[in-house]
Amino acid sequence: MNKYLSALPYIVLFLGVAYVGIKAAKPLSSENEVNYAALGEIPIADAGRFKPLSSLVETSLYIISGRHEVVTEDGKRIPAMRWFVDVFDTTKFHFFSGPAAKYKIFRIENEDILKLLHLPKRPQFFRYSLEEIQTYYDDFERAVDKASELQEKIKERKVIVSQPDRVRAEKILELSEKLTVYSKLLRRIPSPGDEKKPYRILPPQQENQEWQSLVDIDMQVRNFTKEEEEQINNNRLNYVQNILSATGIKDPNQLTPKQQALLKQKLVEYSNNYQLLEIAPNHRADISPLAAELTKIFQLAKEGNPECNSLLKNFKDSYYHTIPERQMFRIKLETILNRTNVFYYVIMLNIWVILLAATSWLVWQEPLRRSAVYLAIFCLVLETIGIVMRIWISGRPPVFNLYSSSIFISAGCGATCLVLEYLFPRALGVFWAGVMGAITNYVAHNILTLSGDPLEVVQAVLDTNFWLAVHVTTVSMGYVATLVSGGLGLIYIARGVFTPGFVKPAQKELTQMIYGTVCFALLLSFFGTVAGGIWADQSWGRFWGWDPKENGAVLVVCWNALILHARWCGMVRSRGLAVLSLMGNMVTVFSWFGTNQLGVGLHSYGFSKDLVELCKWVWLSHLCFIGIGCIPIRYWSSAPHFLSRSANATASSPENKSLTSLDQKEKKRHPQVQV
Amino acid sequence: MNTISNTNDSSHTMDQIENEFGGKPNKTLKENIYRYILKPLASLQLTVVLLALSVVLVFFGTLAQTKDQTFVVVETYFRSWFVWIPFDLVGEFDRTFFNLTGTEPLPGYFPFPGGWILATLMLLNVTVAHALRARLTWKRIGLWLVHSGLILLLTNEVITGVYSIEAQMVFKEGETLNYADINYIPYSRTFDLLWIAPDSDSEDAVTIIPGEKLVSGSTIDHPALPILIKVEKYFSNTNIMTDAGDKIDVDSLISKAGALVRVVPHREGAGTTESRHAMPMVEVSIQERDTLKELGRFKISMWEYFKATESSFGGLFAPGHTIDFQGKNYRVSMRNKRIDLPYSLKLNKFTHEKYMGTSSPKSFKSQLTLNDSELDDHREVSIEMNEPLRYRGLTFYQSSFFVGDRGSVLQVVKNPGWTIPYVACIVVTFGLLYHFSILLVRFLRGRVK
Numbered sequence: 001m002n003k004y005l006s007a008l009p010y011i012v013l014f015l016g017v018a019y020v021g022i023k024a025a026k027p028l029s030s031e032n033e034v035n036y037a038a039l040g041e042i043p044i045a046d047a048g049r050f051k052p053l054s055s056l057v058e059t060s061l062y063i064i065s066g067r068h069e070v071v072t073e074d075g076k077r078i079p080a081m082r083w084f085v086d087v088f089d090t091t092k093f094h095f096f097s098g099p100a101a102k103y104k105i106f107r108i109e110n111e112d113i114l115k116l117l118h119l120p121k122r123p124q125f126f127r128y129s130l131e132e133i134q135t136y137y138d139d140f141e142r143a144v145d146k147a148s149e150l151q152e153k154i155k156e157r158k159v160i161v162s163q164p165d166r167v168r169a170e171k172i173l174e175l176s177e178k179l180t181v182y183s184k185l186l187r188r189i190p191s192p193g194d195e196k197k198p199y200r201i202l203p204p205q206q207e208n209q210e211w212q213s214l215v216d217i218d219m220q221v222r223n224f225t226k227e228e229e230e231q232i233n234n235n236r237l238n239y240v241q242n243i244l245s246a247t248g249i250k251d252p253n254q255l256t257p258k259q260q261a262l263l264k265q266k267l268v269e270y271s272n273n274y275q276l277l278e279i280a281p282n283h284r285a286d287i288s289p290l291a292a293e294l295t296k297i298f299q300l301a302k303e304g305n306p307e308c309n310s311l312l313k314n315f316k317d318s319y320y321h322t323i324p325e326r327q328m329f330r331i332k333l334e335t336i337l338n339r340t341n342v343f344y345y346v347i348m349l350n351i352w353v354i355l356l357a358a359t360s361w362l363v364w365q366e367p368l369r370r371s372a373v374y375l376a377i378f379c380l381v382l383e384t385i386g387i388v389m390r391i392w393i394s395g396r397p398p399v400f401n402l403y404s405s406s407i408f409i410s411a412g413c414g415a416t417c418l419v420l421e422y423l424f425p426r427a428l429g430v431f432w433a434g435v436m437g438a439i440t441n442y443v444a445h446n447i448l449t450l451s452g453d454p455l456e457v458v459q460a461v462l463d464t465n466f467w468l469a470v471h472v473t474t475v476s477m478g479y480v481a482t483l484v485s486g487g488l489g490l491i492y493i494a495r496g497v498f499t500p501g502f503v504k505p506a507q508k509e510l511t512q513m514i515y516g517t518v519c520f521a522l523l524l525s526f527f528g529t530v531a532g533g534i535w536a537d538q539s540w541g542r543f544w545g546w547d548p549k550e551n552g553a554v555l556v557v558c559w560n561a562l563i564l565h566a567r568w569c570g571m572v573r574s575r576g577l578a579v580l581s582l583m584g585n586m587v588t589v590f591s592w593f594g595t596n597q598l599g600v601g602l603h604s605y606g607f608s609k610d611l612v613e614l615c616k617w618v619w620l621s622h623l624c625f626i627g628i629g630c631i632p633i634r635y636w637s638s639a640p641h642f643l644s645r646s647a648n649a650t651a652s653s654p655e656n657k658s659l660t661s662l663d664q665k666e667k668k669r670h671p672q673v674q675v
Numbered sequence: 001m002n003t004i005s006n007t008n009d010s011s012h013t014m015d016q017i018e019n020e021f022g023g024k025p026n027k028t029l030k031e032n033i034y035r036y037i038l039k040p041l042a043s044l045q046l047t048v049v050l051l052a053l054s055v056v057l058v059f060f061g062t063l064a065q066t067k068d069q070t071f072v073v074v075e076t077y078f079r080s081w082f083v084w085i086p087f088d089l090v091g092e093f094d095r096t097f098f099n100l101t102g103t104e105p106l107p108g109y110f111p112f113p114g115g116w117i118l119a120t121l122m123l124l125n126v127t128v129a130h131a132l133r134a135r136l137t138w139k140r141i142g143l144w145l146v147h148s149g150l151i152l153l154l155t156n157e158v159i160t161g162v163y164s165i166e167a168q169m170v171f172k173e174g175e176t177l178n179y180a181d182i183n184y185i186p187y188s189r190t191f192d193l194l195w196i197a198p199d200s201d202s203e204d205a206v207t208i209i210p211g212e213k214l215v216s217g218s219t220i221d222h223p224a225l226p227i228l229i230k231v232e233k234y235f236s237n238t239n240i241m242t243d244a245g246d247k248i249d250v251d252s253l254i255s256k257a258g259a260l261v262r263v264v265p266h267r268e269g270a271g272t273t274e275s276r277h278a279m280p281m282v283e284v285s286i287q288e289r290d291t292l293k294e295l296g297r298f299k300i301s302m303w304e305y306f307k308a309t310e311s312s313f314g315g316l317f318a319p320g321h322t323i324d325f326q327g328k329n330y331r332v333s334m335r336n337k338r339i340d341l342p343y344s345l346k347l348n349k350f351t352h353e354k355y356m357g358t359s360s361p362k363s364f365k366s367q368l369t370l371n372d373s374e375l376d377d378h379r380e381v382s383i384e385m386n387e388p389l390r391y392r393g394l395t396f397y398q399s400s401f402f403v404g405d406r407g408s409v410l411q412v413v414k415n416p417g418w419t420i421p422y423v424a425c426i427v428v429t430f431g432l433l434y435h436f437s438i439l440l441v442r443f444l445r446g447r448v449k
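So the protein lines, in turn, are chains A and B.
Residue numbers for the first sequence follow the numbering used here, so the first one is 1 and each next one is one higher.
Residue numbers for the second sequence follow the numbering used here, so the first one is 1 and each next one is one higher.
If you're looking for bench data, these hints aren't it; they were derived computationally from the structure.
Please note that a few of the clues may not be correct.
Claimed, not checked - Covered stretches of chain B, going by a simulated chain A footprint (3 or more residues, C-beta under 8 Å):
hint	region
1	62 to 71
2	119 to 126
3	424 to 431
Stated by the list, open to error - Computed from the model, here is a short list of chain A residues facing chain B with C-beta under 8 Å:
hint	residue
4	L311
5	F315
6	Y319
7	Y320
8	I323
9	V497
10	F498
11	G501
12	F526
13	D547
14	N551
15	C558
For each residue, glycine too, the CB sits at the ideal point set by N, CA and C.
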């Protein structure tokens, strides 16, 4: 039996590797199918950086739908790029029609919005197509105007609104945001003054040329055929007719001069758009052969014609010569990162780590603990690879936005907990590694990607500076240590209150672990915070500005210092240490996410109501744990172990009450230190 | 482990202190001083209480920024002896995260020790504690370092709080400046009222009335002024609106110069979200000295000072307010207090790069000529994001720019203590590393046995 069990860790590790391997493997593409993965690797220039098309598509789809691929109502999975092929080259004139409008991808849960749009409820699925949204879209647009007005007022703190109204407004704006994200994938004309250009997919062909979008090409088209001009004219007439019939006026001459002017202006705008978006694409080949070829590739892909594969290969071979190799390599790397989706699989693996570690406390102690450790190491390796890839792709320090801080802290917690596990092999460290890994990666993957491109470019002032890089990494590591100590505090309380077998040596060990991590937390958070001040001094001449995020960091430092001083003077003992370190978690969450939700300050870059919810639940749950931890020890399940211990200690040396067990041991070995 | 455990060796320290105090006759007095003053001041319990109070103060000081501008909060919470904290900050926190208290703001305030009290007590606490346990052993070096670094940091915060000045220089390309407009001085107003008398010589004679004197209802009577200035009303911040009452986007004003606008009182913005500084306005009536006859009544605001609105719109209200008195044409206006530089800076060129296809700035750069005839220092300098110029006690940072990139705004900071944090950071970090290494080594040794 034991012999077989000792093989268990390797089996578990193998299963973990196999799971990720299968999920992340490049899908086999046969000659007879369109190779969507290859389409996703097309490089584009968008929002300040070069990236593969799949990054734009998947991030957008995730914001719209909450998934990285399209899943139909009957559970069929469609790759994101397959969906995008239908979206590609559509314009606002076909916003609500055509194949792209049929996909049920817009996630709407809020019942008020469903009522507003007259949509049926779809529990478990929640997703709706543009065709369905179209019918009552005008009502929705009015609601959006009202909601954004309300939002503005709330932001300026002019009104205080009840919770349901606020939620309703938020949800309406959220859907409107999803529609905006979708429309950015369409071929569109940038409105004047809008500096955010449409994504540019056509690489430059000469040295000093820029990347171009399809609209850039269409705008250069001048020669239209007779039929086309007729078509444009007819369309214009139709447009006027539509507007007039909507207002109930038959003769345009009945309009007031003001209305006539407005109509004229709208008409010009409309027909320009129509000409540009609907007719001009027919003539792309005259302006740019590569635009025409690309259009053809996507057209074939839309029809499901596998010929597009070879065309795409030709396209890549002949038109990408101006892109530097480094750039192509980065894009390739990002495609791999997108496809493998490491941070997502790490969530799953970490849940297994938690289960294995927890079960090991009941049966098959060592084999299961070992399995959990191996799996956790595997997670750490995956995360590290992911982080290194991200550093490589972005050319920045590992932490530059909330998303990256989250995955960095996840890896940090993993590493710290594994070290603790090595020092104290009780499946406690690895358990907390699993918990933190699952939560932080969940936050990164499910909440923080909603705010857009996780590899976004950053403001100039946040651009690389030595002290900034040091600051963000060290502060994050300080968070790591604080969160780890909090987790150990939680385990301490849980074991003491709920299990009868929390014996003295185990208490001692856990206290040592908490104490040690708090020391590290103080060191790292202090250095990180001051490094931030130094960076601020170099950037705008203020070492310390009492900005919310800075205050958050100083709270973490103060709290860790408080824990240590309270321990040293005997105000708290091991139970108190555990409770205080649990509160450290609350402080850290306030500092990390909470301060960003107050809507003020230089660092308030990450407002999200999901993060508000996260903070809320972390705080509420921790208050419960703290409440439990404050139950008098005589009611704890492990009470006998605690009471006997303090009785002994009091009997032997009353003044030693306050010392950590660590100190006691030290004293016995070096008695001369005291004198 | 005598380094960190205070309670267990207190009896020992007590003896030691008593011995040091020595002399028998006054023993009781000294003992009393020790027992009732020094010992509590040096106690770790006090440290814990102070840290806890700091955590609470910083927490509320953070929340308060949802209602007031950061510098207001800093002065009322962190650079003050005492603060009344509104209960509604709890409500604000609740409304952001929990939404339990409903839609009514909570009334009332509660008192709390301000930053100065906590900092002073902390300084006392740490100094007395180390003085009482004066022995410097190898094991204690770490703690000594940590705490002396902390003293440095706290001192720096005091120096900054009392002495630091922030100003800005607003340049158009080609412009030369030898002064900086102050936009932050601790505990005082950043602007002056000017009384400008026409002079036969080239330069007008300017009388500067410090902003602090502009208190609603007061009268300014000074021999340098031929008249009396009665301050009817003072507004700490204003906004501009069209005559119809619509809000105006300040940045759009440059294109709408000459549009009818009026200046209206406005509350000061929250946190650092308000991009500009407060724009005060004062309503004054100019009176004849003897008869108190009103010669003119003006609303004078910072909007009239073209440098005050940072980059975008210059001199929209430039004409100022004129008054004829005894055959002379006087003017009144308002402007920032100034740091006069004994040298000049000329902006040659400003460059602003953006990330491709976005409006996000990638880098800013000002190329300047420095002309210092006092030190005979003439050279080209460039100031970039994250690369300031430090010169003769001032530091110049790239801070903002004109719409359309035709000019640049430099932030000028005077902070005599700017090097302290660098030293403190090294000292404390080294101390912590040293101390925790001792703990770690000891712990690992204990495991190996």
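Verification of the hints:
1. Counting residues of the region 62 to 71 of chain B whose CB lies closer than 8 Å to any CB of chain A gives 6, so the stated coverage by that chain holds, three being the minimum.
2. Look at the region 119 to 126 of chain B against chain A: 0 of its residues bring a Cβ nearer than 8 Å to a Cβ of that chain, fewer than three, so the hint is violated.
3. For a cut-off of 8 Å, the count of residues in the region 424 to 431 of chain B with a CB near a CB of chain A stands at 4, and the three-residue condition holds.
4. The interface hint given for L311/A is violated, since its Cβ lies 27 Å from the closest Cβ of chain B, which is over the 8 Å cut-off.
5. Checking F315/A against chain B by beta carbon gives a least distance of about 22 Å; that is not within 8 Å, so the hint is violated.
6. Annotation: Y319/A was flagged as interfacial toward chain B, and the flag is violated, the nearest CB pair being 19 Å apart, outside 8 Å.
7. The interface hint given for Y320/A is violated, since its Cβ lies 17 Å from the closest Cβ of chain B, which is over the 8 Å cut-off.
8. About 14 Å separates the beta-carbon of I323/A from the nearest beta-carbon of chain B, more than 8 Å, and the hint is not met.
9. A distance limit of 8 Å between C-beta atoms decides the matter here; for V497/A the minimum to chain B is near 25 Å, and the interface restraint is violated.
10. With a least beta-carbon distance of about 28 Å to chain B, the hint placing F498/A at the interface is violated under the 8 Å criterion.
11. Residue-level restraint check for G501/A is violated (minimum Cβ-Cβ distance to chain B is 23 Å; threshold 8 Å).
12. A cut of 8 Å between beta carbons decides the hint on F526/A: the least distance to chain B is about 6 Å, and the hint holds.
13. At a threshold of 8 Å, the smallest CB-CB gap from D547/A to chain B is about 7 Å, leaving the interface hint in force.
14. Hint on N551/A holds. Least Cβ distance to chain B is approximately 4 Å, under the 8 Å limit.
15. With its C-beta approaching chain B no nearer than about 5 Å, C558/A sits inside the 8 Å limit, and its interface hint holds.
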